[in-house]
Amino acid sequence: MKPEKRYSLSGLKKTFAELPQIRRLGIQYLKLERGHCLLQVGYSQEMVGNQDTGLIHGGIITTLLDTAGGSAAFSTVADGSSVATLDLRLDYLTQAKPGAAIMGLAECYHQTRNIVFVRGYAYHHSSKKPIANFVASYMVGSVGFNPDV
Amino acid sequence: MSETTNSLFHQFIALKRAGEFEQISDLIPYAGVVGLQLIVESAGLTTVLRNRPDNIANTVLPAVHGGVVGALLEHAGIMHIIYECDITRFPKIINLSIDYLRPCLGTLDTYARGYTIKQGRRVTNVRIEAWQNDSSRLVAAAHAHFLMD
Numbered sequence: 001m002k003p004e005k006r007y008s009l010s011g012l013k014k015t016f017a018e019l020p021q022i023r024r025l026g027i028q029y030l031k032l033e034r035g036h037c038l039l040q041v042g043y044s045q046e047m048v049g050n051q052d053t054g055l056i057h058g059g060i061i062t063t064l065l066d067t068a069g070g071s072a073a074f075s076t077v078a079d080g081s082s083v084a085t086l087d088l089r090l091d092y093l094t095q096a097k098p099g100a101a102i103m104g105l106a107e108c109y110h111q112t113r114n115i116v117f118v119r120g121y122a123y124h125h126s127s128k129k130p131i132a133n134f135v136a137s138y139m140v141g142s143v144g145f146n147p148d149v
Numbered sequence: 001m002s003e004t005t006n007s008l009f010h011q012f013i014a015l016k017r018a019g020e021f022e023q024i025s026d027l028i029p030y031a032g033v034v035g036l037q038l039i040v041e042s043a044g045l046t047t048v049l050r051n052r053p054d055n056i057a058n059t060v061l062p063a064v065h066g067g068v069v070g071a072l073l074e075h076a077g078i079m080h081i082i083y084e085c086d087i088t089r090f091p092k093i094i095n096l097s098i099d100y101l102r103p104c105l106g107t108l109d110t111y112a113r114g115y116t117i118k119q120g121r122r123v124t125n126v127r128i129e130a131w132q133n134d135s136s137r138l139v140a141a142a143h144a145h146f147l148m149d
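If you're matching them up, the sequences are chains A and B in order. Quick note on my numbering: the first sequence kicks off at 1 and runs consecutively. Quick note on my numbering: the second sequence kicks off at 1 and runs consecutively.
If you are wondering where the hints come from, they were derived from the structure by calculation, not from laboratory data. Please note that the accuracy of each hint is not assured.
Derived Cβ-Cβ restraints for the label pairs, each shown as a range [said to hold, decoys possible]: (1) B:16 to A:112: 45 to 51 Å; (2) A:91 to B:121: 35 to 41 Å; (3) A:11 to B:120: 46 to 52 Å.
We treat Cβ as the ideally placed atom computed from N, Cα and C, and that holds for glycine.
Construct the complete structure from the given sequences, taking the supplied hints into account.
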């Protein structure tokens with residue numbers, strides 16, 4: 001069976017890095033391989049959810065990991081396919097350290113024609129000491145993207 | 001201790017008692033970044049995510065970044081608890097599970113409301129629903145656990 005052509009990794013990285021919300025938060029691509037994505041976001045005052053503690057808002061973690069998961073999913077599907085988040089779950093294992101950059105790691109662990117299954121972590125220095133655990137599934141095709149559905 | 005009485009938590013509670021709950025958003029830097037606001041009506045509390053070009057991730061539709069939709073749901077869940085419950089400290093999120101039901105269009109405001117499913121002594125389970133121009137057509141729904149003590 002002839003393998004399907006997939007998106008170019010450099011093209012995906014370039015497209016994603018230019019998306020408005022990804023630019024707004026300053027999310028950086030450290031690595032994008034087939035089914036694997038590592039991102040980084042620096043700490044800034046405007047990400048803060050609690051000014052007393054300096055803790056970032058959980059939305060930063062959600063956005064970082066959904067971006068990593070979506071990128072990992074896009075890297076595995078056929079060129080021209082769309083990918084849309086179907087669901088995601090986050091477990092907040094420990095609080096992020098105020099001032100420290102956060103990594104977002106996602107890997108596809110299973111893929112069917114319709115769905116890409118992804119899991120990952122947010123962490124500071126080591127994925128063995130995660131801040132948050134992440135599981136998500138992404139729908140392949142165009143159904144999830146059709147506004148008339 | 002002046003530090004305690006001026007704490008962010010006490011500022012929140014003071015605004016709630018003064019009937020100025022909506023002003024809480026001004027105390028949260030991240031709320032300003034993505035445009036999270038609060039509306040108090042007789043029906044209860046609604047959390048709003050304003051449509052902002054920077055919130056977009058899918059530029060074709062255009063659609064709001066799934067992570068920012070997640071931020072709205074998490075924010076609405078926490079604000080629901082602070083608004084509805086008698087609390088002595090901020091609820092701490094344990095986990096969050098989001099279903100993406102329809103495209104969240106970047107040209108529209110998005111609204112979210114929390115519902116307490118169970119309030120226990122230590123943990124509260126909240127369901128959160130988000131919609132755009134038609135409240136009977138949800139764009140996303142979530143359930144989350146918060147540690148209360």
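- Cβ separation of residue 91 (chain A) and residue 121 (chain B), checked against the hinted range 35 to 41 Å: For residue 91 (chain A) and residue 121 (chain B) the Cβ distance comes to about 21 Å; the hint is violated.
- Message: Just to be sure I understand the hint, the distance between the Cβ atoms of residue 11 (chain A) and residue 120 (chain B) should be within 46 to 52 Å; is that true here?
- Response: holds (49 Å)
- Status of the given 45 to 51 Å range, CB of residue 112 (chain A) versus CB of residue 16 (chain B): Cβ of residue 16 (chain B) to Cβ of residue 112 (chain A): about 48 Å, so the range 45 to 51 Å holds.
Hint violations for this structure: number 2 only, all remaining hints satisfied.
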